[in-house]
Amino acid sequence: MEIIATGDVYFLSKEDYHTHRILRTIDLNTTLSQLPLNETKDQRHFFRSEKEMIDLFPSSMTAINNSQYLAERCKTDWITPIQSSQNCH
1124 MEIIATGDVY FLSKEDYHTH RILRTIDLNT TLSQLPLNET KDQRHFFRSE KEMIDLFPSS
1184 MTAINNSQYL AERCKTDWIT PIQSSQNCH
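Each residue of the sequence shown is one higher than the one before, counting from 1124 in this note's numbering.
Worth flagging that the hints you see were computed from the coordinates, not collected in a lab.
Just so you know, not all the hints are guaranteed correct.
[Unchecked claim] Using C-beta positions, here's what the derived DEER-type ranges look like:
no., residue 1, residue 2, range
1, Glu-1138, Glu-1173, 18 to 26 angstroms
2, Leu-1155, Thr-1185, 39 to 47 angstroms
3, Arg-1144, Ser-1172, 20 to 28 angstroms
4, Thr-1153, Lys-1198, 34 to 42 angstroms
[What the hints assert, rightly or not] Derived pair list, reagent style DSS-like, types lysine-lysine, alpha-carbon separation capped at 25 angstroms:
no., residue 1, residue 2
5, Lys-1137, Lys-1164
6, Lys-1174, Lys-1198
7, Lys-1174, Lys-1164
8, Lys-1174, Lys-1137
Here a beta-carbon is modelled for each residue, glycine too, at the ideal position from N, C-alpha and C.
Taking the hints into account, I'd like the entire structure generated from these sequences.
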């Protein structure tokens, strides 16, 4: 197995971090101002584009290319919120 560049992803986009914090406050029955830092993921854990990965790891192009190679061989049937709302009538 070759080296692969990947991220520790918890959010689809940067904007999802705020929603994550709100959901954690609900889960913990607290407020945003009282939410402990250790009860949330860091805001940098979003899904990065290829360009963002290259900017982050400029000397690791082989690992980035290997990630793409592996992803192309995986079968996925992701249902995104946009797709699921289009199917509602």
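Hints, one by one, checked against the model:
The given range of 18 to 26 angstroms is respected by Glu-1138 and Glu-1173, whose C-beta atoms sit roughly 19 angstroms from each other. Hint check: Leu-1155 to Thr-1185, Cβ distance near 42 angstroms, so the stated range 39 to 47 angstroms holds. Evaluation of the 20 to 28 angstroms hint for Arg-1144 and Ser-1172 yields a pass: the beta carbon distance comes to about 23 angstroms. Between Thr-1153 and Lys-1198 the C-beta distance comes to about 40 angstroms, which sits within the given range of 34 to 42 angstroms.
The hinted pair formed by Lys-1137 and Lys-1164 meets the criterion: a straight-line CA distance of about 12 angstroms does not exceed 25 angstroms. For the given pair, Lys-1174 sits about 23 angstroms from Lys-1198 by alpha-carbon distance, which is consistent with the 25 angstroms threshold. A threshold of 25 angstroms between alpha carbons decides the hint, and for Lys-1174 with Lys-1164 the separation of about 23 angstroms falls inside it, so the pair holds. With a C-alpha separation of about 15 angstroms, the suggested pairing of Lys-1174 with Lys-1137 holds against the 25 angstroms cut-off.
Going through the hint list in order, the structure satisfies each hint without exception.
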